[in-house]
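Visitor: Read off the chains here:
Protein chains: 2
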Amino acid sequence: MKDAVLKTNRVLQIAFVVSDVEKAAEKYARLFGVETPPVTVSGPYESARTEYLGKPSMARCRMAFLDLDNIQFEFIEPDGYESDWKKSLEENGDSLHHIAFEVKGMQEQIDSLAQDGIGCLQRGEYPGGRYAFVDTGEKYMVKFELLEND
Amino acid sequence: MKDAVLKTNRVLQIAFVVSDVEKAAEKYARLFGVETPPVTVSGPYESARTEYLGKPSMARCRMAFLDLDNIQFEFIEPDGYESDWKKSLEENGDSLHHIAFEVKGMQEQIDSLAQDGIGCLQRGEYPGGRYAFVDTGEKYMVKFELLEND
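Keeping their order, the protein sequence lines are chains Y and X. Take 27 as the starting number for the first sequence in our numbering and just add one per residue. Take 27 as the starting number for the second sequence in our numbering and just add one per residue.
Keep in mind that the hints were calculated from the coordinates and are not lab data. Nothing here was measured: the structure is a model prediction, and the numbers come from that model. Fair warning: there could be bad hints in the mix.
Sample of chain X residues with no beta-carbon within 10 Å of chain Y, all distances over it, derived [stated by the list, open to error]:
| # | residue |
| --- | --- |
| 1 | THR62 |
| 2 | PRO63 |
| 3 | GLU117 |
| 4 | ASP137 |
| 5 | TYR152 |
Derived SDA-like pairs (lysine to any residue); straight-line CA-CA distance at most 20 Å [said to hold, decoys possible]:
| # | chain 1 | residue 1 | chain 2 | residue 2 |
| --- | --- | --- | --- | --- |
| 6 | Y | LYS165 | X | PRO63 |
| 7 | Y | LYS165 | X | GLY59 |
| 8 | Y | LYS33 | Y | ALA140 |
| 9 | X | LYS130 | Y | GLY59 |
Just so it is clear, CB atoms sit at the ideal spot from N, CA and C, and this is done for glycine as well.
Let the sequences and hints guide you as you build the complete structure.
Guide: Next comes the structure, spelled out in structure tokens:
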């Protein structure tokens, strides 16, 4: 994978945007016969440094994560600030939002995708790592998230 | 997961229906910097025993599989016979079609989902196993495939 546009070997998450994170997490937990996962809230701008379409955004979200053996399901409930989460929910309703790939070297990966014609939609920080949504929907049929855990 | 509606711990595949399987496989292979996978053809009715909406179907597809460490991408090009592949391609164009879960006991899993209000859309056999697409799109936001490998 020396000449890879995106250097990765793992899909970490399949993620959905939803209008009610508790309801979605509960539904999937019942499906798999596991306990309903807790809901967490993404950090404020001061720590998350969220950028949406290249501009700072105050957007935050409520999230729940449900683990299978080899992959995690994520449910994301956007708040009222502008974000790709909110845009997707408004356009598509409760729906699959992205698949997340494990990457190392976030900026290098974003630059590599940019050379492939793929723009960065949203990025931000979280405790122990950072993420970016990239605009792969048209070319690769689904939106990708890059996830870099330190 | 004793009371699971769907007994599984693994997502095996993320699958797309496409109008040109070679083109899709080549695009993803270039993305990940790997060799373009070969295209295979699903079996004829005599071996695949394809059922679409409860009736026998002559539908076949051309497929390519691309492996990452923990998951496989699948690209499916339907033929002209009626199938859920063809219906999805006609309705949504090249798009994500399903995520596939590893299961044991196909009929038991299909029955369990039926009790949850989820119908079986299409099922069939392949060398070494069997699959079923179940109608989870509305309730679980994405279509599921059940995959049972012997």
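Visitor: Hint by hint, say whether it matches the structure.
Guide: Results for each hint:
1. THR62: Holds, because the least Cβ-Cβ distance between THR62 (chain X) and chain Y comes to about 13 Å, which exceeds 10 Å.
2. PRO63: For PRO63 (chain X), whose nearest Cβ neighbour in chain Y is about 14 Å away, the distance exceeds 10 Å, so it holds.
3. GLU117: GLU117 (chain X) clear of chain Y: closest Cβ-Cβ about 14 Å, beyond 10 Å.
4. ASP137: 15 Å, holds
5. TYR152: 22 Å, holds
6. Y:LYS165 to X:PRO63: 18 Å, holds
7. Y:LYS165 to X:GLY59: Holds, because 16 Å separates the two Cα atoms, which is no more than 20 Å.
8. Y:LYS33 to Y:ALA140: 14 Å, holds
9. X:LYS130 to Y:GLY59: 16 Å, holds
Every hint, counting from the list given before, is met by this structure.
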